[in-house]
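Protein chains: 2
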Amino acid sequence: MQSILLEIFKDIPFTEAETKRMFDKLEKVSLKKGAFLLQAGESVHDIHYIHQGCLRTYFEDSSGKEHTLQFAIKGWWISDYIALYGKTETKSVSYIECIKEATLYKISKKDFDSLCKEIPKVAHFHIGKLEGAFAAFQRRILENLTLSATERYLNFIAAYPNIEQTVKNYHIASYLGITTESLSRIRKEMATV
Amino acid sequence: MQSILLEIFKDIPFTEAETKRMFDKLEKVSLKKGAFLLQAGESVHDIHYIHQGCLRTYFEDSSGKEHTLQFAIKGWWISDYIALYGKTETKSVSYIECIKEATLYKISKKDFDSLCKEIPKVAHFHIGKLEGAFAAFQRRILENLTLSATERYLNFIAAYPNIEQTVKNYHIASYLGITTESLSRIRKEMATV
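Order-wise, the sequence lines are chains V and E. Note that our numbering has the first sequence beginning at 6, numbered continuously upward. Note that our numbering has the second sequence beginning at 6, numbered continuously upward.
A hint or two may mislead.
For chains that are exact copies, the list does not tell them apart, and a pair is met inside one copy or across any two.
To be verified - Straight-line alpha carbon distances no greater than 30 Å define the calculated DSSO-like cross-link-like pairs of lysine-lysine that follow: (1) LYS79 x LYS173; (2) LYS122 x LYS25; (3) LYS25 x LYS37; (4) LYS126 x LYS193; (5) LYS111 x LYS193; (6) LYS173 x LYS126; (7) LYS173 x LYS30.
Derived from the structure by calculation, the hints contain no laboratory data.
Using the sequences and the accompanying hints, generate a full structural model.
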């Protein structure tokens, strides 16, 4: 019980009482490949820490085309943040699909907010995570605006090492905002360099 | 002194000692139209609350083309968040330009972090702001992927009422990721409906 908290909270030292308080709020979730953690239209109450496996968040546009917003691997937190943190939505606008068998730890936003109020170390951990995520998202917008598809693909490989065995080509292409044909072309060009 | 803190922190009640502590860390900054709050390559240490006026954050790509990331108006906080909150950069990757004469209140990240540790109300306020900003950015990525340029323009007008008198057409077009010609066409179409 101690070890998963140390993993989740990056070795922050908690007292025994704090450890118990936090562990009581966490629920272990196992997901098979292909299962959905969340589907568009469902109510969103929880965030999930990924202990093992891989998940993909995507939107489906009105023509049925999928747009991959995020891949999430060990050490990440996943939810539909537009619903969870936004002011106007409470229903998920995205799908979160398990693409490699996963073990997650779930906590409701309500409980997480309480922990932040009760245990300042949790609040400061959360601030650090949010600041990092906000910077990463702004960086991604910047990269989409200013980098070539090849450069974005290289950044993707660096950010998600070894993920290519797990995800389908059209997932990667839709994450990069390109066609699968462009992705194949980029890979071929890289192979011949 | 009390009134600007009430404006910045949305009426959170602070004690007299907290008010003094916080006000000591804030510095008033006045900016003329056309002045830069920050330029690419400069070190980033501060965040700025906008009391009056309007600013624009943009990136310049290698061909010199500007990409508008954000407009910031009264009530917003502005900085180069990739440098301020990211783990790899410390220099600004963007320009922040004053596009309507502005009054800001500046605080260093170091001082803000200290306030979050000393005054839990500030930490929880910061968490709420970060969560809202994170949701808004994800929503913007989603909208860029799934909405038409006309729909994005309508959302822009709703998010920034009355901003069109202040900003240039190519600012709006680059925020929406379209050409100024497309923007003109959209406006014409809307005028004839």
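Now for the hints, and whether the structure bears them out:
| no. | hint | result |
| --- | --- | --- |
| 1 | LYS79 x LYS173 | within (19 Å within a copy, 44 Å between copies) |
| 2 | LYS122 x LYS25 | both (16 Å within a copy, 23 Å between copies) |
| 3 | LYS25 x LYS37 | within (29 Å within a copy, 55 Å between copies) |
| 4 | LYS126 x LYS193 | neither (48 Å within a copy, 54 Å between copies) |
| 5 | LYS111 x LYS193 | neither (41 Å within a copy, 50 Å between copies) |
| 6 | LYS173 x LYS126 | neither (39 Å within a copy, 45 Å between copies) |
| 7 | LYS173 x LYS30 | neither (34 Å within a copy, 50 Å between copies) |
In the structure shown, a violation is registered for the earlier hints numbered 4, 5, 6 and 7, in ascending order.
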